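Q: One letter stands for each residue in the lines below.
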Amino acid sequence: MNIVVLIKQVPGTDNVKMDPETGVMIRSGKDTIINPLDENALAEAVRIKNSRDDVKLTAISMGPESAMKALKEAVAMGADAGILLSGRVFAGSDTIATGRALSAAIKKLGQVDLIICGERATDGETGQTGAMIAEFLDIPVQTYVSALEVKDNSVIVKRTVEGGFEYVEVPFPVLVTVNKDINEPGFPTLDGKLKAKQVEIPVWGNEELGLDKSVLGLGGSPTRVVKVFSPKLSRDTIMRKADGTTGPVDELIQFLTGKEVL
Amino acid sequence: MPTMDLSNYKGVFVIGEQRDGKIHSVTYELLTRGRALADDLGCQLSCVLLGDEIENVQEVIYRGADKVFHIKSPALKNFLPRPYRNAICRLVEEEKPEIIVAAATTTGRTIMPLVAARLNTGLTADCTELTIDPETRILLQTRPAIGGNIMATIKTPNHRPQMATVRPKSAKPAPADPTRTGEIIVKEYDGAVFMTPEKFLRFVKDTTQQVNIEDADIIVAGGKGMKSAEGFRLVEELAEVLGAGVGATRDAVELGWTTYPHQIGLSGKTVSPKLYIALGLSGKIQHMAGMQTSEVIVAINKDPEAQIFKVADFGIVGDVFEVVPMLIEAIKKIKATA
Ligand SMILES: Cc1cc2nc3c(=O)[nH]c(=O)nc-3n(C[C@H](O)[C@H](O)[C@H](O)COP(=O)(O)OP(=O)(O)OC[C@H]3O[C@@H](n4cnc5c(N)ncnc54)[C@H](O)[C@@H]3O)c2cc1C
Ligand SMILES: Cc1cc2nc3c(=O)[nH]c(=O)nc-3n(C[C@H](O)[C@H](O)[C@H](O)COP(=O)(O)OP(=O)(O)OC[C@H]3O[C@@H](n4cnc5c(N)ncnc54)[C@H](O)[C@@H]3O)c2cc1C
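Going down the list, the protein sequences come from chains A and B.
Residues 1 to 262 in full-length UniProt numbering are what the first sequence spells out, letter by letter.
Residues 1 to 338 in full-length UniProt numbering are what the second sequence spells out, letter by letter.
Just chain B, with the same shape it has in the complex (with noise of 0.2 Å):
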């Protein structure tokens, strides 16, 4: 095993995450967590942009930062796994953090792994918790695995940077804070650190996915319960009034009634709204492990012993078909008065 200084490491980074040059919102997302970290370690906290211009960088010190390290570069424009590596590696290098954070996304689950290869530590993904083991100042990441089954704590002991990615919507954005103050450097690092065999030819954005549903506050999720495609025009009818996305089982989405976008679970999205309503639905493991950290979660269904019951907040023992038309009217009559 291979002993480093491990003090020599300090402070927390996490890497935000930017498209045509504006600012994510899952990078303040990572501020809360890194902010949380870095204050229970008394440390430094700083927020990494790759990119060209970059619009509006203070407000990642508004929403927590200490330092902003934007490192600038056309060639960072669109997320290549080489350029973003070697720029990552080369500032992780200069900084020497403890820590450093990234989101689950298909950004962060790529270059996470190569950074971490490269500097042989630990890494730990799709967290959903980040703490500091008071006694030996170690990160506990926590994560779910095996479909939701288990959770697992994982720490990296001898090897810095400890490494983790954060699953999106599992941490709030802090409101920016105008106050605040911050650093913010831009790194322009020669041409060699960028040098790709990868060519990025072109996004093409995808017009089916209209409802984002990963960022929907409200998410009305339908199964075989439904009984039919017309059916599920109920869920889409609530959906609607509520202005919320629509969710599905698998069932319901090999049946036909909707699409895979609509998928929740294992084999579908991981979501985690303010409120999610589960109709018609049993509520498998496979479910569950995609929408189970749901602020509030409210189940109708007719079995009483259906297992989405034992994480609703509020259930309702009923049949879908009378009890949601019903819901449909109280709640068009409240953003009537509204």
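Pulled out of the complex, with its shape left as it was, chain A reads as follows (with noise of 0.2 Å):
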């Protein structure tokens, strides 16, 4: 069985600055991380590797080349072999830019069952990437997915929806999107450790993917960013100051009432 889990590498603080030119975010290659949803991925497709004898498990990530490092980390948690993709000509990429390129790496391992991504990233944040990969692999995808059970041809999922769980079938090969709900993510272990030190990560590039150029990239990406701004946080606070009377209270009451809120 062979098991694919996509991981990316986030900035680790929220101190992210963006270039206010191209809207592109300015990554240090200091201080980055493996997405946490990615970790539960991950600690998912280990958890079904133990569970059998046949599994191998690959990590890929698209980013730029210090995302070796998440890679890395990921064989230390579990994985079997990395993979990164990495060159200018995947830079500025969207989602449908990102999901293309993921998709054909994936293509070229072959036959791959079980495709696990986290339910969002924590910087672009859009959660669309998980679907346009299965949607490129002509694949059935389940996102939000808070348990999985693997079967002989099949996974039972558990979805987390508003206001319920929700039960699905789906026949391999399938790709999941999962929430942090799914399990505790793992840690490396000693064995994973000597392991990282020693595999050897492809870096590839277009040349292995062998995709026409003009559907990578910012140039393959339907969406462009307009700008980028903060957002307009403070408000105009009326302020007060406790006094150990019920003025500040009083005064609170009348203006809510007066917004017709209470």
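FYI, nobody ran anything at the bench for these hints, they're computed from the structure.
Just so you know, not all the hints are guaranteed correct.
Unchecked claim - Capping the alpha-carbon separation at 27 Å, the derived lysine-lysine pairs in DSSO-like fashion look like this:
(1) A:Lys158 x B:Lys274
(2) A:Lys151 x B:Lys205
(3) B:Lys22 x A:Lys107
(4) A:Lys241 x B:Lys199
(5) A:Lys180 x B:Lys169
(6) A:Lys180 x B:Lys269
(7) A:Lys232 x B:Lys274
(8) A:Lys232 x B:Lys269
(9) A:Lys241 x B:Lys269
(10) A:Lys213 x B:Lys155
(11) B:Lys10 x A:Lys158
(12) A:Lys241 x B:Lys302
(13) A:Lys227 x B:Lys22
(14) B:Lys335 x A:Lys158
(15) B:Lys335 x A:Lys232
(16) A:Lys49 x A:Lys195
Unchecked claim - The following label-pair restraints were derived from C-beta to C-beta distances:
(17) A:Val226 x B:Asp5: 22 to 32 Å
(18) A:Val226 x B:Asp217: 43 to 53 Å
(19) B:Ala176 x A:Asp250: 46 to 56 Å
(20) A:Gly110 x B:Glu236: 53 to 63 Å
(21) B:Glu230 x A:Ser154: 46 to 56 Å
Computed from a predicted structure; not experimentally measured.
Cβ coordinates follow ideal geometry from the N, Cα and C atoms, glycine included.
With the hints as a guide, dock the two chains, each given alone in a separate frame, to form the complex.
A: So this is what it looks like as structure tokens:
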């Protein structure tokens, strides 16, 4: 059984800078982490791998050279192999171009039974990439998965949706996107750390994928960022200090009644 | 870059939602959005409903649609990505809308990427604002990203349809106007459209989610400043007298004072109630990402420098254990006389 986990490297702090001209994130390469939900995706794949003896688990990431670090971590946590898609031709990809490149990499691996993604990444936060990859591979997708049971030829997933849970059965091959309720993320093992030191992680460019260049990177992205700005957070605040009397509370009530929210 | 004749695409589509044949209110929020866009463009607004029998379809016209396409099949009763994708793509090929808007719900956020990828067009996620550029007539889509730290305006200049999901609760449903008229078209496609290897097994209601705080008009939220599980009861008490939902910061959830379904923020829920009362919470960016679009924000915190005051409309600097009991009493008094 072949399992692929897709891993995005994201900034580790909330101090992300944007290039005001191009609207592209400025990544320093320092202080990056595996997208938290991708750690859940990985932990789920490792759990499945440990429950049977025929699993090959490959982690794939698209990003700058520095994303190698995320793939090494994935190997330390139990992946057998890693592949990094990197190069200028992928720069500026929106989710369509990202989905196209990642799906082409998966296709190159041959028969893949299960692909696991995070539900969304903490930087771009679109939550679109997983489903788009499934579409480009023309395989079914199940999203918002909070429990996953592997059967002989299928998976049964539990989806967390508004107001409840849906249970769906899908035969392989299938792509699932997971949320944080699915498991507790794993840790690097001693064995894994050793393996991570030795493992060769190939870097693929478009030479390996062989896609028409016009569908990749910024040029292959239907969306354009027009502008990026800071949200206007501040409001005109009426401030009162508690003084032991009911004065401030009475004023608050009056204010709320005036706004017709009580 | 493939070029396409953009002028062949006309009209605005919104993708409505139903469960058990009842139209979900998020559909009416989408109609408010769609109506504004269609009026700016001077074109028709159509609402797509997928399902089997659906009650009260006329309501969709009353709330702003010019046309309803009800794609009808027992296979669409429950949500499965493939039949939904196939049906929507088929209708889009027939009707060629220039804009498609869906809700950023678990359904909308699943189906829209599939449709966009199949049609090779752009999709913008989780928008809080949609406008038409008066010069180019292109859809400008504004969305928060990176945990609410930035806003980005995004467009899809050379592909059609232009596609976006919008945050639930970011627009108000228009009141129903029974004098509005429009056309309801039932589409019954051949079985092949609905074929899928996926099998829907069952839906189970989440009984722990008794207050669905995303739907609450008022939310009272507490943070670490509530000091203990017992202290947090004060948050629940105020919520009770107001008939409000209870929210919490991640710290309050991690301390076990309430449960995860109540967490608001980046790794919890996004809410946009009419009134948000923040008690003993500092207003870290990850919390604000989930509540800053609330209509009116009230904060009570003993630290005058607390960030939450920056987004508050009304702030009281003081001890929650002194101020909140007074507030509860005052509200009880109003409710008694009302
Ligand atoms: C401010 C801003 C706003 C943006 N808005 C949009 C938009 O509205 N529409 C749009 O099409 N693009 C948008 N983009 C571009 C988008 O962020 C990128 O295309 C990005 O590659 C996808 O990132 P995401 O964070 O949205 O991923 P998500 O779709 O949220 O990621 C979901 C999962 O997909 C997998 N995955 C995603 N990216 C990778 C990767 N590079 N390598 C391996 N696995 C991956 C992971 O498993 C991840 O958990 C925006 C970018 C920025 C900076
Ligand atoms: C990736 C990531 C995701 C996160 N996701 C979330 C999320 O979804 N939701 C979330 O909330 N947080 C989230 N956080 C955590 C967030 O950064 C903050 O740590 C958290 O919101 C702080 O919670 P708090 O305001 O309750 O606590 P604190 O920041 O400790 O604030 C307590 C406040 O109470 C006030 N106070 C104390 N005693 C009293 C009193 N007697 N009367 C009045 N006021 C008093 C203090 O002045 C202080 O302002 C996330 C963090 C990260 C890194």
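Q: List in ascending order the numbers of the hints, as given earlier, that are violated by the structure.
A: Hints 1, 3, 4, 9, 11, 13, 14, 15, 18, 19 are the ones this structure does not satisfy, whereas the remaining hints hold.
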